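There are 2 protein chains.
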Amino acid sequence: MNVLRLVIPVVVLNLAFSQSSSKEDWEAKFSAIPNAEKHREYMQRLSAKPHHLGSPYGKDNAEWMLGLFKSWGLDAKLEEFEVLFPTPKERLVELLEPMKFTAKLQEPAVDVDPTSGQLVEQLPTYNAYSIDGDVTAPLVYVNYGIPDDYDQLERLGVSVKGCIVLARYGASWRGIKPKLAAEKGAVGCIIYSDPKDDGFYHGDVFPEGPWRPKDGVQRGSVMDMPLHPGDPLTPGIGATTKAKRLSVKEAKTLTRIPVLPISYADAEPLLRSLKGPAALENWRGALPLTYKVGPGPGKARLKLSFDWDIKKIYNVIVTVRGARYPDEWIIRGNHHDGWVNGAQDPISGMVAQMEEMRGIAELLKQGWRSKRTLIYCAWDAEEQGLLGSTEWAEAHADELKQKTVLYINSDSNGRGFLFVGGSHSLEKFINGVAKDIEDPEKKISVWKRSQLWRIGNSRTPEDRADARTRADIRISALGSGSDYTAFLDHLGIASLNIGYGGEDGGGIYHSIYDDFYWYTNFSDTDFSYGRALSQTGGIAVIRISDAELLPYDFTNSAETIRRYLGEVKKLLSSMQDQVKERNKQIAEGVFSAIADPKDPYVPPSVEEIPPFINFAPIENAVEVLARSAERYDKAVKEGAGKSWPDATLRSVNQKLIQTERKLTHQNGLPIRPWFKHLIYAPGFYTGYGVKTLPGVREAIEQKRWKEAEGEAVRIAQALESQAALIDAAAKELENSLR
Amino acid sequence: MNVLRLVIPVVVLNLAFSQSSSKEDWEAKFSAIPNAEKHREYMQRLSAKPHHLGSPYGKDNAEWMLGLFKSWGLDAKLEEFEVLFPTPKERLVELLEPMKFTAKLQEPAVDVDPTSGQLVEQLPTYNAYSIDGDVTAPLVYVNYGIPDDYDQLERLGVSVKGCIVLARYGASWRGIKPKLAAEKGAVGCIIYSDPKDDGFYHGDVFPEGPWRPKDGVQRGSVMDMPLHPGDPLTPGIGATTKAKRLSVKEAKTLTRIPVLPISYADAEPLLRSLKGPAALENWRGALPLTYKVGPGPGKARLKLSFDWDIKKIYNVIVTVRGARYPDEWIIRGNHHDGWVNGAQDPISGMVAQMEEMRGIAELLKQGWRSKRTLIYCAWDAEEQGLLGSTEWAEAHADELKQKTVLYINSDSNGRGFLFVGGSHSLEKFINGVAKDIEDPEKKISVWKRSQLWRIGNSRTPEDRADARTRADIRISALGSGSDYTAFLDHLGIASLNIGYGGEDGGGIYHSIYDDFYWYTNFSDTDFSYGRALSQTGGIAVIRISDAELLPYDFTNSAETIRRYLGEVKKLLSSMQDQVKERNKQIAEGVFSAIADPKDPYVPPSVEEIPPFINFAPIENAVEVLARSAERYDKAVKEGAGKSWPDATLRSVNQKLIQTERKLTHQNGLPIRPWFKHLIYAPGFYTGYGVKTLPGVREAIEQKRWKEAEGEAVRIAQALESQAALIDAAAKELENSLR
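Protein sequence lines correspond, in order, to chains C and F. Residues in the first sequence are numbered consecutively from 1, following my numbering. Residues in the second sequence are numbered consecutively from 1, following my numbering.
Check before you lean on any hint, since a few could be wrong.
Pairs count within a copy or across copies, as identical chains cannot be separated in the list.
[What the hints assert, rightly or not] Quick list of in silico lysine to any residue cross-link-like pairs, SDA-like style, CA-CA up to 25 Å: (1) K580 / G456; (2) K196 / W283; (3) K584 / S458; (4) K442 / I586; (5) K570 / D463; (6) K249 / K637; (7) K100 / P288; (8) K706 / D596; (9) K570 / R324; (10) K634 / A251; (11) K598 / V112; (12) K275 / V110; (13) K275 / P288; (14) K29 / R272; (15) K443 / I586; (16) K29 / G170; (17) K703 / A32; (18) K443 / F591; (19) K249 / P440; (20) K59 / D398; (21) K100 / D204.
Derived from the structure by calculation, the hints contain no laboratory data. Just so we're clear, the structure is a prediction, and the values are computed from it rather than from any experiment.
Could you put together the complete structure from these sequences and hints?
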């Protein structure tokens with residue numbers, strides 16, 4: 001996750017959106033329900049065996065949850081899809097020159113850890129949606145394998161053409177590494193976990209400590225999710241039994257070269273096989289060797305083949321029908337599948353949602369009625385490419401777009417600070433919630449703790465002043481990497497992603513060691529932050545369900561978009577400055593004069609200076625949006641304490657529900673039409689990492705100047721269209737006030 | 001060295017200080033003389049065996065040079081002193097708990113390297129001027145062991161009291177580590193070379209590459225040189241046979257606790273014996289382990305005893321009597337002693353000076369007459385604490401202060417860029433020289449190459465603009481670490497330190513591997529930069545010797561001192577801001593709220609905000625100096641092309657010689673009266689690292705506010721006194737122009 005830290009002196013409830021005292025009573029009643037011991041029980045059951053997509057225990061977990069939810073009196077069902085899921089038939093990594101070495105490709109069982117030895121049920125270490133392949137080629141070390149790294153390789157005169165790249169995990173979503181390597185002409189990609197990134201460099205390794213041991217491997221999907229997530233054979237539609245499917249060959253989101261993840265014990269001989277000068281300082285990991293780039297003399301073989309099966313997946317869907325507004329849906333989800341035992345990812349989040357659900361079930365038994373419809377989802381097959389949530393969202397797209405108020409996601413949890421990402425129209429709302437949750441360690445609100453963290457860790461005096469004085473803690477924009485993606489990016493549904501963490505680092509991500517033993521020894525060991533997450537999700541759901549007027553706020557989003565625009569303008573001007581300066585230095589002879597003649601070096605070439613771009617359409621649109629937001633805010637404040645007529649509420653809320661949709665465009669983003677949101681998107685070359693105002697920002701980064709101009713116009717139109725809808729909502733409130 | 005990079009399209013001679021065409025002829029003739037093959041021969045001879053202070057081969061080298069210089073027709077002699085020099089009787093480092101380990105303390109011979117096996121003649125690995133001791137105590141890892149590191153330890157609640165500290169080499173002069181450890185209550189100090197700092201992290205290790213191998217050890221002095229360098233028993237006076245000596249017990253510059261350097265192979269078990277959370281990121285080295293602080297459970301014994309002998313040292317002194325101004329002395333020096341074979345340090349510098357001397361001898365034979373007296377020195381015993389140069393300077397202090405124009409030092413040499421540090425009144429002069437030296441790799445002037453390096457590597461646009469537009473490349477201020485110290489800091493003689501490097505990194509500093517094999521395989525392998533250094537030193541000597549008016553310039557120094565004052569003011573204001581902000585955060589509860597309760601942490605305490613300090617005296621004095629500098633500069637320029645009357649020249653030059661002396665104060669700096677210069681000094685807690693305006697800067701750093709005010713007044717008086725002398729010189733020129 002790549003998110004913001006949020007956090008009240010408890011008991012002090014935030015009244016911003018409260019309109020009845022009974023509501024607070026229900027919230028208080030709810031808050032007392034989540035039980036840390038239940039978290040522990042659920043986790044032990046759900047992570048007892050490997051429970052990945054297609055596994056017997058994965059299905060068993062879904063059915064067990066189904067039964068449990070029903071036993072709580074909830075309306076629960078399984079909803080199935082059928083998706084492409086390759087599993088390894090053959091995996092081979094061999095070093096052929098200058099010495100022989102065959103990678104082990106196996107995580108060993110650990111004595112003290114009872115589930116680490118379930119070899120038969122474990123998925124082997126691999127990257128899902130790699131293509132089959134058998135390649136033999138010289139190795140090149142490419143650091144994280146991100147665009148900047150290839151720029152550096154160019155300076156060294158090194159091409160990866162015809163080579164197998166060796167990249168380390170980190171700095172981007174993993175799928176970017178083979179994607180970029182293939183674009184640069186590599187024939188294979190090996191990804192390893194360097195101890196600098198999540199191993200002994202940071203602390204004791206498992207089982208003595210939480211960090212990645214030498215044979216630990218990060219599994220993971222390498223599907224081209226920035227193109228579209230979900231089943232590769234059914235883009236844009238639900239992968240139901242009878243859905244029209246592409247052939248595997250037609251699928252656009254498989255890799256173009258074979259890819260395999262390895263441990264650092266397996267990577268070390270490969271790294272030692274490379275010669276040449278030492279790699280740049282920020283390319284060096286923590287292994288006891290001189291990191292070098294190559295290519296070669298190390299030569300390796302990478303051989304992979306997969307069973308390309310269609311597998312059934314099982315989403316567990318629970319519906320609590322709204323008593324007053326059944327067609328206004330509040331959706332809450334967390335996935336239940338793991339790569340192996342997955343105690344932290346995703347079960348720590350799943351069990352928090354389960355206790356939240358039990359709390360809601362209890363309230364219902366005590367007489368609470370949800371005004372709006374609540375839909376609780378336990379997604380399957382998130383790990384392979386957000387399959388469960390994406391297929392469900394695609395299958396129900398029209399209804400979801402019409403009815404959904406918001407989607408609240410969690411994925412996993414830990415000890416520490418509240419992290420929130422999401423739509424900025426919900427920023428004020430979730431800040432209100434965070435002020436009412438107690439931090440288990442410090443007994444202050446999680447909001448306050450987050451604010452103090454920001455004060456203590458700001459990089460600039462401006463950021464610190466912002467942390468001290470702004471009414472709301474800033475939430476981060478969402479990229480991708482979890483199940484909110486289809487809701488936010490494809491359907492334009494306002495979304496939030498929540499979770500705790502930051503005090504419980506570790507290196508067991510997507511390995512067999514992410515299990516009950518690890519979690520209960522090294523993460524949120526007493527599940528107190530699990531309880532805090534149950535409270536955070538539950539209070540959010542109850543508060544928005546019980547709200548008269550839906551608690552959107554557009555002043556924060558207008559202000560935030562203005563900041564994003566500022567960033568994009570700065571990006572362009574710094575690119576202009578950089579190119580200008582570099583061209584000048586080329587003319588002065590700087591690069592050739594200071595290069596060491598004994599080191600390989602290719603000086604940069606003169607480049608065209610980036611042109612100025614017309615940002616005025618967005619600038620004007622942001623001003624229009626800010627005015628509409630203020631108008632709406634004023635109307636809401638003038639109505640505070642009054643009771644709005646039901647017809648007004650229904651009509652205004654209908655408009656509010658559609659506001660986020662206005663930020664989408666039916667044609668989607670350039671070259672990736674599945675992504676419809678014009679404000680937030682995962683980066684095409686970052687993967688999880690968000691790109692705000694992506695049409696303009698990525699066009700500038702990739703030097704497509706004309707496209708940037710066009711995208712600026714599209715963004716401006718979307719903002720103006722949203723502003724018009726907000727104006728219409730404001731007008732209704734104003735009329736009602738008269 | 002910690003210096004600046006300088007560098008001219010050859011042939012284009014700088015005419016700033018040229019006043020006769022014959023001069024350029026002599027310079028051109030000189031430039032053709034230095035011969036790379038001679039550098040190689042001298043180096044092979046001088047580094048053939050270990051030649052440290054007191055060794056037979058050290059004396060043999062001195063005598064061989066003496067003979068050689070005489071054979072060139074030069075007036076050469078040996079000048080001897082007798083100094084305290086402890087050598088090890090017993091060295092023991094044992095890990096006692098949680099496991100047994102005895103450190104090897106031995107650098108192994110390397111097959112391909114013919115001089116690495118001269119075990120009998122090698123000084124063992126140790127730190128000179130450590131006291132005897134036998135201590136057993138828990139270990140604490142203190143990173144570099146500098147003041148910032150102890151601040152961090154305080155946040156962790158870790159005290160080194162009663163412990164043996166394990167510090168890594170780097171970030172300060174080594175003597176600071178035991179000094180500070182003792183101040184904090186440690187009972188012993190072990191210093192090791194981490195591969196992150198000069199080992200495999202940077203490249204292949206010796207003998208495959210130039211970097212420090214696992215058993216390599218950095219010897220070195222730990223004498224408290226920031227108090228005073230030179231013989232510990234004869235502070236302030238020459239250590240002649242009959243000098244009045246302190247007893248060893250009375251000596252002030254021995255360490256207060258035992259200290260020993262070790263290799264990283266020996267350090268690894270010690271580091272592994274420490275427990276607790278991982279050390280901060282910038283504390284972590286490149287060994288394959290989790291760096292932790294302790295204290296303990298690792299417990300070690302450090303046992304050291306030494307022979308505390310008085311040894312003879314041999315400076316080789318060559319005098320070329322000035323034909324016109326015999327009482328104006330130009331001194332040039334490099335040391336000849338090494339820790340072991342010392343090919344790079346110091347022989348690479350020594351042989352460059354020798355070829356420079358041979359060039360001068362040749363010119364003399366061809367009829368050149370030096371106007372001024374040249375004194376060439378090959379110092380002994382630099383490594384142990386600048387003994388040879390310091391005792392000589394102290395022995396001849398009065399005459400030196402009266403007559404010396406400048407001292408030009410070199411110490412070692414390598415491949416790459418010209419580095420210059422020194423007195424800023426010589427900045428313009430040495431820039432002029434650098435413009436006339438050809439870079440052997442790039443065939444542009446070394447000045448130009450340095451300028452382009454600065455353009456390419458500036459951290460800020462302001463620095464880049466400065467590099468592009470300033471007539472002179474900035475030279476760095478001198479701290480300590482080589483033989484200029486007594487001249488500049490104790491006697492107030494304007495000094496320069498010159499050398500090439502930056503393209504030939506390595507990790508053989510003060511080890512047995514710093515030898516002919518290493519140098520001729522990994523450094524300036526064809527001695528082309530050796531030749532460049534001979535040319536640089538020689539042209540500088542010839543040009544200043546031949547000058548009518550001595551080529552001092554005070555506009556650059558006034559501007560530079562103004563910059564230093566700006567730095568000091570910024571230092572104070574940023575300390576004020578930091579304390580204010582930290583106090584505010586303490587009041588807000590930031591530190592306690594965001595600390596992880598599972599990690600040890602001691603929040604900082606409220607501190608008094610640093611008061612404002614009266615910098616006006618220095619500000620006014622700098623303005624006075626700047627006006628005098630401009631007046632003098634104007635007079636010189638108006639006289640350009642004319643011939644000054646001899647009486648004027650003699651009188652003005654006498655004044656110019658004394659200008660640097662005006663920057664000293666007879667009482668020296670607070671707590672270290674040997675250091676008389678008020679503008680430059682090695683830092684009391686950095687060692688080599690310079691502190692400019694040290695009285696004020698260090699008082700602020702160490703929160704002695706009142707002292708800072710007093711020192712500001714002393715500095716101002718010195719600047720005004722220098723300005724008055726410059727004014728007097730200017731006035732004489734003005735009178736002569738009328």
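Hint by hint, which ones does this structure get wrong, listed from lowest number up?
-> Hints 6, 8, 9, 10, 14, 16, 17, 19, 20 contradicted; others consistent.
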